[in-house]
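Novice: Spelled out, the chains give:
There are 2 protein chains.
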Amino acid sequence: MADKNNHVVIMAGGIGSRFWPMSTPECPKQFIDVLGCGRTLLQLTADRFAGLCPAENIWVVTSEAYAGLVREQLPDVPERNILKEPCRRNTAPCIAYVSWKIKSVNPKANVVVTPSDHVVMNVKEFQRVIASCMKFTNETDAIVTLGMKPNRPETGYGYIQADLSVSSARNKEIYRVDSFREKPDLATAEKYISKNNYFWNAGIFVWNVSTIVNAFRVYQPGIARIFEGLIPHYGKEEEQELINREFPLCENISVDYAIMEKVEEIFVFPAAFGWSDLGTWGSLQEHTPQDAYGNACIGEHISVYDTHNCMIHTTQARKVVVQGLDGYIVAEKDGTLLICKLSEEQRIKQFSE
Amino acid sequence: MADKNNHVVIMAGGIGSRFWPMSTPECPKQFIDVLGCGRTLLQLTADRFAGLCPAENIWVVTSEAYAGLVREQLPDVPERNILKEPCRRNTAPCIAYVSWKIKSVNPKANVVVTPSDHVVMNVKEFQRVIASCMKFTNETDAIVTLGMKPNRPETGYGYIQADLSVSSARNKEIYRVDSFREKPDLATAEKYISKNNYFWNAGIFVWNVSTIVNAFRVYQPGIARIFEGLIPHYGKEEEQELINREFPLCENISVDYAIMEKVEEIFVFPAAFGWSDLGTWGSLQEHTPQDAYGNACIGEHISVYDTHNCMIHTTQARKVVVQGLDGYIVAEKDGTLLICKLSEEQRIKQFSE
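Protein chains in written order, with our numbering: chain Z, 1 to 353; chain L, 1 to 353.
Source of the hints: derived by calculation from the structure; they are not laboratory data.
Source: prediction; values computed, not measured.
Check each hint, because a few of them may be wrong.
Pairs of lysine-lysine residues, derived as DSBU-like cross-links and limited to a Cα-Cα distance of at most 35 Å, are as follows [claimed, not checked]: (1) L:LYS349 x Z:LYS341; (2) Z:LYS333 x Z:LYS124; (3) Z:LYS84 x L:LYS349; (4) L:LYS349 x Z:LYS333.
So these bits of chain L aren't anywhere near chain Z, every CB distance computed over 12 Å [as the list claims (entries may be wrong)]: (5) ASP47; (6) ARG80; (7) LYS103; (8) SER104; (9) VAL119; (10) PHE126; (11) GLU182; (12) VAL213; (13) GLY222; (14) LYS236; (15) SER276; (16) GLU286; (17) TYR305; (18) CYS310.
Quick partial rundown of chain Z residues pointing at chain L, CB under 7 Å, derived from the structure [said to hold, decoys possible]: (19) GLY324; (20) ASP326; (21) GLY335; (22) GLN346.
Virtual Cβ for every residue (Gly too), placed ideally from N, Cα, C.
Build the full structure now, drawing on both the sequences and the hints.
Specialist: Shown next, in the form of structure tokens:
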């Protein structure tokens with residue numbers, strides 16, 4: 001049964017520029033049915049917490065511009081749980097805001113924080129892992145991160161170095177973190193992979209609300225002071241106006257830099273549930289069923305001839321014929337068309353400008 | 001000054017299946033601004049006869065389905081000059097119908113017949129050639145064809161073999177035809193090119209109306225009988241109904257087979273005015289200004305990177321980015337997208353089905 005103290009925070013303020021033209025500033029990838037399965041990434045994210053907490057304990061942090069999309073796509077989430085950042089300040093201020101807010105509602109809240117635009121293939125295993133982490137943080141003042149068991153020397157992710165010599169007494173699958181490592185170069189990534197104690201940092205965190213609020217107080221007193229000062233106003237009429245005034249004063253900093261790398265007692269749950277941050281067209285291709293020639297096609301009436309290893313993604317197009325391509329992205333959205341080698345996709349941001 | 005006996009017949013009933021998706025059965029290529037110049041191929045065709053005949057002497061033969069497009073695109077052509085074929089029967093019945101019709105209006109008419117979907121780069125030279133041919137047919141009972149001086153061993157065109165040993169006494173640029181040759185294989189085309197008396201058959205004909213009507217009477221008595229029988233009805237209320245009943249009885253045959261190859265006295269005017277039948281995407285690429293890398297781009301906001309020798313043609317797309325292609329067609333129309341090697345474009349008809 002869903003524990004009434006369990007809360008889920010979905011961070012949905014990103015702009016997904018690497019997935020242009022599918023993802024645009026007007027409608028970033030978390031609001032799109034990227035996988036062509038009938039549910040947007042945001043909906044899939046909420047779906048995978050089903051049974052873990054009541055709907056009124058789901059929180060979404062986004063921007064004013066996207067609040068309408070969130071309401072539309074997650075109609076069961078109460079309006080008051082959709083928090084609107086007046087500007088983008090990375091994940092630390094985002095998490096601080098929602099944490100103080102949750103604490104104002106339930107000081108015993110036990111919280112998972114997750115990005116809104118990742119994919120998880122094995123939802124059952126994901127739920128087992130999250131439940132296990134939440135049991136742990138319900139009983140301890142631990143900060144737990146999820147570490148993804150890597151299968152390739154990916155240079156696009158940060159890594160978590162774990163101390164596998166001894167697991168927690170309370171949970172045999174949870175270990176201490178030795179260090180967080182930024183996105184490595186290929187040689188370093190290969191070194192990490194050759195060992196067994198490096199994991200991808202999925203940006204999914206579990207803690208009880210007192211733990212994270214205290215961590216902000218200790219390690220980010222400037223940010224803590226802002227949200228502490230707003231305590232009398234959470235849930236009141238004036239809240240948004242005050243947030244609009246105060247939030248921009250927060251430092252622009254990720255929660256990894258602001259908290260994770262500073263806290264001494266931090267834990268990792270190494271897990272494998274078919275996770276991807278879907279950060280690139282290439283990763284979408286990997287996570288989409290492919291035909292016998294390695295083509296991943298998402299969209300209506302796509303026909304391919306003599307075509308291999310392509311990622312074809314269309315939304316408005318009524319009919320698409322692709323002949324003679326190997327290793328390309330073909331993406332169409334609302335009258336915008338991209339044809340680009342998968343190997344050159346880091347240039348997409350430039351193309352979109 | 002435009003001679004009031006001069007008439008122009010534009011055949012505009014084709015369906016342009018090789019230019020899919022730009023050209024569709026609903027709106028074939030003659031009704032499209034293929035060159036991105038602001039005028040459709042039909043309009044460019046009519047434009048290039050400016051000054052040669054009055055607007056009320058321009059005739060368009062098309063189908064019921066396209067009559068609206070013709071009226072819209074050629075508002076100066078009188079409604080009564082737009083002839084509607086009830087079904088497609090190739091060029092011989094088309095030309096017979098319009099010839100009897102013109103004869104009913106003006107038995108002294110001097111006529112040019114032209115396809116609606118070709119391009120001519122040098123309009124001034126085109127007009128000089130046509131005027132010269134019409135002067136000739138005004139004074140003689142000759143059938144004159146236009147022969148295009150070939151610059152490559154094209155296997156997609158029929159050829160006209162001329163007897164260049166002696167030109168007409170009345171016009172030094174006009175010669176007798178020795179034979180018409182169907183689309184050759186490459187070896188044969190190369191043989192033709194190595195001589196100087198083989199010309200591409202452009203499908204443009206000049207004659208006075210008595211000559212062509214008499215030719216039908218002699219060589220296609222079945223077709224002639226049908227249109228002869230309708231003489232009391234041309235221009236009357238019942239014309240379309242009778243045409244709908246009788247026209248389908250005509251043999252399905254091209255004017256080349258039905259008349260040209262049978263007539264003994266037939267002439268050719270070898271000319272060079274930058275002609276193409278625009279039969280393929282490749283020929284459109286050749287006739288469109290190219291960037292330094294051989295890309296021909298027609299459409300709004302097309303950006304290319306590392307791309308060579310491509311034909312990019314878009315109509316509705318708002319923004320197009322192409323990276324890393326060489327020798328491809330990228331064509332978009334109304335939500336339909338084609339990406340195909342130029343070398344494989346003969347398969348487009350299959351792709352469109």
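Novice: Evaluate each hint against the coordinates.
Specialist: Quick rundown of the hints versus the structure:
1. L:LYS349 x Z:LYS341: Judged against 35 Å, a Cα distance of about 27 Å means the pair holds.
2. Z:LYS333 x Z:LYS124: 33 Å, holds
3. Z:LYS84 x L:LYS349: Between LYS84 (chain Z) and LYS349 (chain L) the Cα gap is close to 52 Å, so the pair fails against 35 Å, i.e. violated.
4. L:LYS349 x Z:LYS333: 26 Å, holds
5. ASP47: 30 Å, holds
6. ARG80: 38 Å, holds
7. LYS103: 46 Å, holds
8. SER104: Fine: 45 Å to the nearest Cβ keeps SER104 (chain L) off the interface.
9. VAL119: 25 Å, holds
10. PHE126: For PHE126 (chain L), whose nearest Cβ neighbour in chain Z is about 36 Å away, the distance exceeds 12 Å, so it holds.
11. GLU182: Given a closest Cβ separation of 29 Å, the condition holds.
12. VAL213: Label holds. Min Cβ-Cβ 45 Å, cutoff 12 Å.
13. GLY222: 42 Å, holds
14. LYS236: Given a closest Cβ separation of 44 Å, the condition holds.
15. SER276: 24 Å, holds
16. GLU286: 20 Å, holds
17. TYR305: 7 Å, violated
18. CYS310: The claim breaks: CYS310 (chain L) does not keep its Cβ more than 12 Å from every Cβ of chain Z (closest is about 10 Å).
19. GLY324: 4 Å, holds
20. ASP326: 11 Å, violated
21. GLY335: Status holds, d = 4 Å.
22. GLN346: Since the shortest Cβ distance to chain L is 11 Å, the answer is violated.
The structure shown violates the earlier hints numbered 3, 17, 18, 20 and 22.
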